[in-house]
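> So the sequence lines, in the order shown, correspond to chains A and B. Here our numbering is used: the first residue of the first sequence is 1, the next is one more, and so on. Here our numbering is used: the first residue of the second sequence is 1, the next is one more, and so on.
No wet-lab data here; the hints were simulated from the structure. Among the hints, erroneous ones may be present.
[Claimed, not checked] Here are the simulated distance ranges between beta carbons:
| no. | chain 1 | residue 1 | chain 2 | residue 2 | range |
| --- | --- | --- | --- | --- | --- |
| 1 | B | Arg440 | A | Asp203 | 31 to 39 Å |
| 2 | B | Arg304 | A | Ala6 | 42 to 50 Å |
| 3 | B | Ala307 | A | Asp141 | 44 to 52 Å |
| 4 | B | Asp474 | A | Leu150 | 45 to 53 Å |
| 5 | A | Asp203 | B | Thr460 | 18 to 26 Å |
| 6 | A | Asn142 | B | Asp337 | 28 to 36 Å |
| 7 | A | Leu9 | B | Trp472 | 50 to 58 Å |
| 8 | A | Ala6 | B | Pro465 | 44 to 52 Å |
| 9 | B | Thr470 | A | Asp203 | 56 to 64 Å |
Even for Gly, the Cβ is constructed at its ideal location relative to N, Cα and C.
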Amino acid sequence: MSDALAELLRHPALWQGGVGGEMPAAIPSGFRRLDECLPGGGWPLSTLVELLIPAAGIGEIHLLLPALRQLALASPGEPRWIAWLAPPHLPYAPALADAGLDPARMLVIRPRAGLDLLWAMEQALRSGACTAVLGWIGAADNRALRRLKLAAEEGRSPGFLFRPAAHREESSPAALRLVLAAHDDGLDVEILKSRGGMPSRIDRLSIH
Amino acid sequence: MLEGRPATRAPAPESHRRALAVVPPAMPPAADGERRELWLAAHFPRLPLHALLPATASARAAVVTAENDPRRGIVACNERAARQGIVAGMGLNAALALVPGLRVEERRPVAEAALLDRIARWALRFTPVVSIEPPCTVLAEVRGSLDLFGGAMALCRRALSGLHDGGLQAALALAPTPRGALWLARADLGLSVTQAKAMPDIASRLPLSCLQWPAETVTVLTALGIRNVADLLRLPRAGFVARFGPRLLDELDAGVGRRPEPRRRHIVPERFDEQHELPVETDAVPMLQPALERLLANLAAFLRLRASGIAGLRVDLLHRARAPTRIRIGLVRPAGDAAHLSGLVAERLARERLPAAVTAIRLRSGVLLPLSLRDAGLFERGQSADPEATARLLDRLRARLGQDAVFGVCPVPEHRPERAWRIAEPGGTTPLPGQWPVTRPERPLWMLVEPQRFDSWEGTLVTGPERIETGWWDGHDVRRDYYVALTRSGVRLWLFRERPPGSGWFLHGVFG
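The following block holds chain A by itself, in its conformation from the complex (with noise of 0.2 Å):
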């Protein structure tokens, strides 16, 4: 089989008779050094990715854009929501555009309270209605994430959590946690935890 057609048929959209129409584990990255170092070859579906970060910026978004694109173009049916839950600053729409995401179909959701902003991601995960959930979300025990986990793989949406690197001593029951520092030519990226992988860093990743 050509690569080509490989590739077709390992497209999301493409539903295969016989394959019972199951989402695939995982979707590229975009990145294919980080690729390389994901378990089924990107980031996983249908689960918790946390993200740990220095500082709002660093290029955590753009790590993502691939991602979010092709999650965009792979959901069938009624175009479904990609939701913002207590982002640091308003996702500006004509760079979204730009970057080839359809801004009417981004939710921003900012909540006042602290527990409604867990309540809110876990309405937004288990619904189904997302192609993915980025959150926000500083402190929060165990408990809170796993009830984010299981609302992921109930609604069979990735949720992506960003939260400060601080919090990379606790445990976590998130499937990837990645902790990302900012360089000048790229980001440094360490996985610290993978179900299934290994811990690994990608030094130097050109995201732009």
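Based on the hints, put chain B in the right spot on chain A.
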């Protein structure tokens, strides 16, 4: 075209022949007067005024002006203003010159439509067949009700006094055809026709203005020397259609009774409205749940029977000796599912603080809307394939977090970065990429709502400057040089300096 050549003989030009094809055969007038309909028309020349001002506000001269009109022409005025010489059609300046202390309101078509709708509902007490003729007339077929109300005159008197009690000034007229009644009411001659055979004769005496035809048509007709309906009826039919179109001829025929005119009936929309008395007064929200569940189940059954959904819902919690607590719930998309509605109500109730014990619960639905039903796919599994899921998520989030906490974003074709987007209802449509400004350098994914002063930063400028100088025409002009900067901690920022330089750095976005 108005020469009246017999249509069968002439080798007419193509356009003419097409026009002839649509000329309907004129029905002979009902000879015996046995037409069984009698229409009552109520015309409200001062509806724009009634819709805005209460009837009690008659102590001062008041006028309503046309909306979106630079001249602000007057469309209606009250009795006092009329006595001081103000007439409809006058410019506002002329009116103010006549009456300096004039009260002026701008016309609100929405309020007028709502008032007309209320009047139509009220008219349903006389007959089930009521029809609205926008902008300001209500028609009712009353033949069957005449005996009940003691004859045509008694019925008219009763209607007039009812309208008068409501503070409305109306002109009433009876005619065997709805259009004829409309014309007579507009003419306001106090004239009524009950016999069908008398209709053409009376109608033909009416002036052109009763027809309320488009101004340019009236101008042409006046230039032809046509003053009233009789003149119009004398025009050759084929030529009339060729010149003014078939619709106006149909109106003319309908008015004099040569052609039936079916009217759209005004139907009061159905709503669900049920009240449930609680066995025990309580101020604990969980105790309300069983009664609420029962009401919602009734509502869902009510909706299922009608294959309808609702987009809004009101729950009134009634208290003893106190105004009820009202909870309004809006839905993104019509729904009729008990579980979904009950989830929304529970979310909202949980946030509500009850001021007193609740004695009863009343559930009131909004207008019923058709529900789009959909078969489940053969191969689809799980709830991720549910097309209602996106709307439901939005409903649920808004029920708990509030309307403003959940929103979408929309790009706007505009060069000023802070105006190139706006907050929008989620799921709206995005302008096509073709409407964007030309290709531009990369924009940051995060934007600050307001640019912030950002003087002491450490790092390097990566690219720039991108000069944005625009917006001088609306007072929010920007003259800025934008740079992409990389800070020591590795964050890529979008900074600008005002031009001419000197005022320091501002942070506008983060590339993320």
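> Decide, hint by hint, whether the structure agrees.
Hints, verified against the model:
1. B/Arg440 <-> A/Asp203: 31 to 39 Å: 32 Å, holds
2. B/Arg304 <-> A/Ala6: 42 to 50 Å: Hint holds: Cβ distance 49 Å, inside 42 to 50 Å.
3. B/Ala307 <-> A/Asp141: 44 to 52 Å: 47 Å, holds
4. B/Asp474 <-> A/Leu150: 45 to 53 Å: 51 Å, holds
5. A/Asp203 <-> B/Thr460: 18 to 26 Å: Since the Cβ atoms of A/Asp203 and B/Thr460 sit about 21 Å apart, the hinted range of 18 to 26 Å holds.
6. A/Asn142 <-> B/Asp337: 28 to 36 Å: 35 Å, holds
7. A/Leu9 <-> B/Trp472: 50 to 58 Å: 56 Å, holds
8. A/Ala6 <-> B/Pro465: 44 to 52 Å: 46 Å, holds
9. B/Thr470 <-> A/Asp203: 56 to 64 Å: 42 Å, violated
In this structure, only the earlier hint numbered 9 is contradicted, and the remaining ones agree with it.
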